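Chemist: Here's the letter readout for the chains.
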Amino acid sequence: MAERVFITGMGMITAIGDTVAANLHSLRQQQSGLGYTRYLDTIYREVLPVAEVKHSDEALKEMAGVHGLPQYTRTTLLGLIAMQEALQQAGINDPQQEPTGFINASTVGGMCDTERVYFDLIDPAKDGTFLQYIDTLDCADSTQRIADRMGLTGYITTISTACSSSANAIMYGARLVKQGLLRRVVCGGTEALTGFTLNGFNSLKNIDRQPCRPFDQQRNGLNLGEGAAYLMLESETLARENGSTILAELSGYCNSNEAFHPTAPSPEGDGAFTAMQQALAMSGRSIADVQYVNVHGTATLNNDVSEGKALQRLFGRQVPPFSSTKPFTGHALAAAGAIEAIYSILAIRQGIVFPNLNFSEQMEELEIVPETRLLEQQPVCTVISNSFGFGGNNASLVISKYEG
Amino acid sequence: MQPLEHSNSNLLKAREPDYKAYIPANSLRRMSRMLKIGLTAALKCLQDSGMGAPGAIVTGTGKGSLQDTERFLKDIRQYNERALNPTPFIQSTYNAVNGMIAVQQQCTTYNNTFVHRGFSFEHALLDSMLLLQEGTPHTLTGAFDEMTEEHCFIKSRIGLWKTEKVNSAQLYDHPSPGTIAGEGAVFFALSADAAAQSYARIAGLQLFYKPQPGFPAAALSAFLQQHGLTPQDIDLVLTGRNADSNYAHFYQQLDAVFPGTCQLPFKHLCGEYETAGAFAAWLGAHILKAQQVPQQWFPMVQAFPRRMERILLYNHFFGEQHVLMLLERAGACGG
Numbered sequence: 035m036a037e038r039v040f041i042t043g044m045g046m047i048t049a050i051g052d053t054v055a056a057n058l059h060s061l062r063q064q065q066s067g068l069g070y071t072r073y074l075d076t077i078y079r080e081v082l083p084v085a086e087v088k089h090s091d092e093a094l095k096e097m098a099g100v101h102g103l104p105q106y107t108r109t110t111l112l113g114l115i116a117m118q119e120a121l122q123q124a125g126i127n128d129p130q131q132e133p134t135g136f137i138n139a140s141t142v143g144g145m146c147d148t149e150r151v152y153f154d155l156i157d158p159a160k161d162g163t164f165l166q167y168i169d170t171l172d173c174a175d176s177t178q179r180i181a182d183r184m185g186l187t188g189y190i191t192t193i194s195t196a197c198s199s200s201a202n203a204i205m206y207g208a209r210l211v212k213q214g215l216l217r218r219v220v221c222g223g224t225e226a227l228t229g230f231t232l233n234g235f236n237s238l239k240n241i242d243r244q245p246c247r248p249f250d251q252q253r254n255g256l257n258l259g260e261g262a263a264y265l266m267l268e269s270e271t272l273a274r275e276n277g278s279t280i281l282a283e284l285s286g287y288c289n290s291n292e293a294f295h296p297t298a299p300s301p302e303g304d305g306a307f308t309a310m311q312q313a314l315a316m317s318g319r320s321i322a323d324v325q326y327v328n329v330h331g332t333a334t335l336n337n338d339v340s341e342g343k344a345l346q347r348l349f350g351r352q353v354p355p356f357s358s359t360k361p362f363t364g365h366a367l368a369a370a371g372a373i374e375a376i377y378s379i380l381a382i383r384q385g386i387v388f389p390n391l392n393f394s395e396q397m398e399e400l401e402i403v404p405e406t407r408l409l410e411q412q413p414v415c416t417v418i419s420n421s422f423g424f425g426g427n428n429a430s431l432v433i434s435k436y437e438g
Numbered sequence: 047m048q049p050l051e052h053s054n055s056n057l058l059k060a061r062e063p064d065y066k067a068y069i070p071a072n073s074l075r076r077m078s079r080m081l082k083i084g085l086t087a088a089l090k091c092l093q094d095s096g097m098g099a100p101g102a103i104v105t106g107t108g109k110g111s112l113q114d115t116e117r118f119l120k121d122i123r124q125y126n127e128r129a130l131n132p133t134p135f136i137q138s139t140y141n142a143v144n145g146m147i148a149v150q151q152q153c154t155t156y157n158n159t160f161v162h163r164g165f166s167f168e169h170a171l172l173d174s175m176l177l178l179q180e181g182t183p184h185t186l187t188g189a190f191d192e193m194t195e196e197h198c199f200i201k202s203r204i205g206l207w208k209t210e211k212v213n214s215a216q217l218y219d220h221p222s223p224g225t226i227a228g229e230g231a232v233f234f235a236l237s238a239d240a241a242a243q244s245y246a247r248i249a250g251l252q253l254f255y256k257p258q259p260g261f262p263a264a265a266l267s268a269f270l271q272q273h274g275l276t277p278q279d280i281d282l283v284l285t286g287r288n289a290d291s292n293y294a295h296f297y298q299q300l301d302a303v304f305p306g307t308c309q310l311p312f313k314h315l316c317g318e319y320e321t322a323g324a325f326a327a328w329l330g331a332h333i334l335k336a337q338q339v340p341q342q343w344f345p346m347v348q349a350f351p352r353r354m355e356r357i358l359l360y361n362h363f364f365g366e367q368h369v370l371m372l373l374e375r376a377g378a379c380g381g
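Protein chains in written order, with the working numbering: chain A, 35 to 438; chain B, 47 to 381.
Just so you know, the hints here were simulated from the structure itself, not pulled from any lab data. Don't take each hint at face value.
[As the list claims (entries may be wrong)] Now the in silico label distances, taken between C-beta atoms and shown as ranges:
hint, chain 1, residue 1, chain 2, residue 2, range
1, B, N213, A, K160, 49 to 55 angstroms
2, B, N213, A, F153, 53 to 59 angstroms
3, B, D301, A, R72, 35 to 41 angstroms
[Claimed, not checked] Using 25 angstroms as the maximum straight-line C-alpha spacing, the simulated SDA-like pairs for lysine to any residue come out as follows:
hint, chain 1, residue 1, chain 2, residue 2
4, B, K211, B, R76
5, A, K435, A, M184
6, B, K201, A, D154
7, B, K90, B, Y65
8, B, K90, B, A241
9, A, K212, B, T155
10, A, K239, A, P296
11, A, K212, B, D239
12, A, K239, B, Y218
13, B, K256, A, P296
14, A, K212, B, E195
15, B, K201, A, P296
16, B, K201, B, Y218
17, B, K82, B, Q93
18, B, K59, B, D94
19, B, K90, A, F294
20, A, K239, B, P132
21, B, K120, A, F294
22, A, K160, B, T194
23, A, K435, A, F294
Since the structure is predicted, the reported quantities are computational estimates derived from the model, not experimental observations. Beta carbons: idealized from backbone N, C-alpha and C, even for Gly.
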């Protein structure tokens, strides 16, 4: 019998808060993090809303405790801040006492900083301190800097499957624990806003000029966000040995592929359906046990049709309350899966269902509408969290209340 | 077997096949070089294995489609963020090759991409081995990386490459700071059970991140012991030596642990890149199946073993990510 995997710590920073508690507060206040960028150099500065973390790189360096040290990109800084909280909350002062793995997720690595110096890097006539950013071009850079700073020495790696990256990082970490390669692993992702991704999604005509409206008939695309989130996963044996505080159980997961199109999901939501169905089967829970679905809900035309149809196919007439929290945080790409996994844990621990902001009109393709109210004192024991990405990469996680 | 090729450019380019045999012409036009190389290597592997649609697709890449990333960065600047063609952005996504293989094979199962320098391929392999343990019947597991002139220049600015041009066939005669660059794509069909056409068995895999001084002598011994082996049980050592004097001390420790064992270097064939370990695994698997080393590729090696049961691979990427892999002749230990 494989080990059960428990979540024993979490840390995050997003546009709606620098900590898990601050995020919860903003969710309860229904306070969106969307606005116009202060830090990104783009012609869309006052055109495309983004959910930006409300601190300059300098301020983030202070928060991360690396003031005066070069080469920490915004991607790394966000990750460090979230990681420090995750380790602290897990009660881990010395990660070296028990080999601790780190499975990170990133879509474009340190692009936030390298895109500013790229044309100097390729110009032989230019020389200067910008050369220190050469190592930050890839996705491994932030992972290794965070690992080195925090003393994480177990399995160290980085996953990139677009918008499902950190859900896959959580899944891979859980499997390493289940098969006994590690007893403790911290998983999640980090993402900073970049001109590269903003222009990428904009070139796909996927960005709404208004705050995004998931599952609304008038929705017109996503808003990008940034942030980082990490979850500490421990084997049941270790959690009991150490008397760890168990926040929730990761009871099921599934990675499936659409095999349909490079950037669009299948219209009937085949991949989303399979991911949710198999994750739920693995968790040993039934559809009646699911009290909340934190949907991917990017508010792109395609995603919401396909994900909505998948929900209808899986749950039939009894679709549980569901909402997209993207109007709060924007779509933080590689960090999104981990951010939303933490929100799912908060839903269970606080007994709440988060509202789907900016919804007013039911989609003509669907029979269901998202939950628009903040529901308190709900019995939430099992949550499905969805992350779907480019390349048809779909991932669903099932998170359950810890019942002993 | 082809003759040994060499280059004086300090950058070993992948030899590209005639893609038309693998990819329809209308698809080819839209695909960038990395996607063509990656997809073709995957399709060649699937053809060779006869496995049909794979049970999972898992890959590693250090840089993904570098040309697309470079192109989109330039497009943003050139067109001042307006009316951009999304294709390079889509293809620059690290999982683009995986997505394309999945569509081509109609493979709707597990799909993952690792992007961590010298661990990219190795974590793809580890993930695949976990999948096989969990009951996935077979996996398509691979790695791909490309190198551009532009990126080669960028990395030269932090001293990754030799400043003097060397003939790749004589790489090991030129110890100095830096090495020569490379690229390539390799795919493997993996299954939990040996079949008649199996190349080799992956009997062990261990990864070391920024190990302590003194590595790898003790780690090598411990690794062998863990597999119930002594140095004499290893018939051939594949070494990632690359004539980079900054990190040569790691590879030099192989000499003391394996005195008298034949060591085959491979970086003069593929150059240095994040997923060069996949090339070495491919080479080792071929040698085990053929029970013969392609000797014309190794003029620097004096004597070759006659029979080969086990190959040990030791490789690292610029001193940070170190990998030990044990390959055995398929069926040698009951599969």
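Chemist: For a C-alpha distance cap of 25 angstroms, please report whether K90(B) and A241(B) respect it.
Modeler: holds, 18 angstroms
Chemist: Do the alpha carbons of K201(B) and D154(A) lie within 25 angstroms of each other, as the hint requires?
Modeler: holds, 13 angstroms
Chemist: Is 53 to 59 angstroms a correct range for the gap between the Cβ atoms of N213(B) and F153(A)?
Modeler: violated, 34 angstroms
Chemist: For K59(B) and D94(B), compute the direct alpha-carbon distance and say whether it is at most 25 angstroms.
Modeler: holds, 24 angstroms
Chemist: So if I understand the rule, the pair passes when the alpha-carbon distance is 25 angstroms or less; does K90(B) with Y65(B) pass?
Modeler: holds, 11 angstroms
Chemist: Would you check the hint for K212(A) and T155(B), treating anything up to 25 angstroms between C-alpha atoms as holding?
Modeler: holds, 20 angstroms
Chemist: Is it true that the CA of K212(A) sits at most 25 angstroms from the CA of E195(B)?
Modeler: Cα-Cα ~43 angstroms, so violated.
Chemist: Quick one, are K239(A) and P132(B) close enough, alpha carbons at most 25 angstroms?
Modeler: The hint holds at about 9 angstroms.
Chemist: Sort out whether P296(A) lies within 25 angstroms of K239(A), counting only the CA atoms.
Modeler: Holds. K239(A) to P296(A) sits at ~15 angstroms (cutoff 25 angstroms).
Chemist: Holds or violated: are the alpha carbons of K90(B) and F294(A) at most 25 angstroms from each other?
Modeler: It holds: about 22 angstroms lies between the C-alpha atoms, which stays within 25 angstroms.
Chemist: Range first: 49 to 55 angstroms. Now tell me if the beta carbons of N213(B) and K160(A) are that far apart.
Modeler: violated, 32 angstroms
Chemist: Is it true that D301(B) and R72(A) lie within 35 to 41 angstroms of each other by Cβ?
Modeler: For D301(B) and R72(A) the Cβ distance comes to about 57 angstroms; the hint is violated.
In summary, the structure is inconsistent with hints 1, 2, 3, 4, 5, 12, 13, 14, 15, 21, 23 from the numbered list given earlier, while agreeing with the others.
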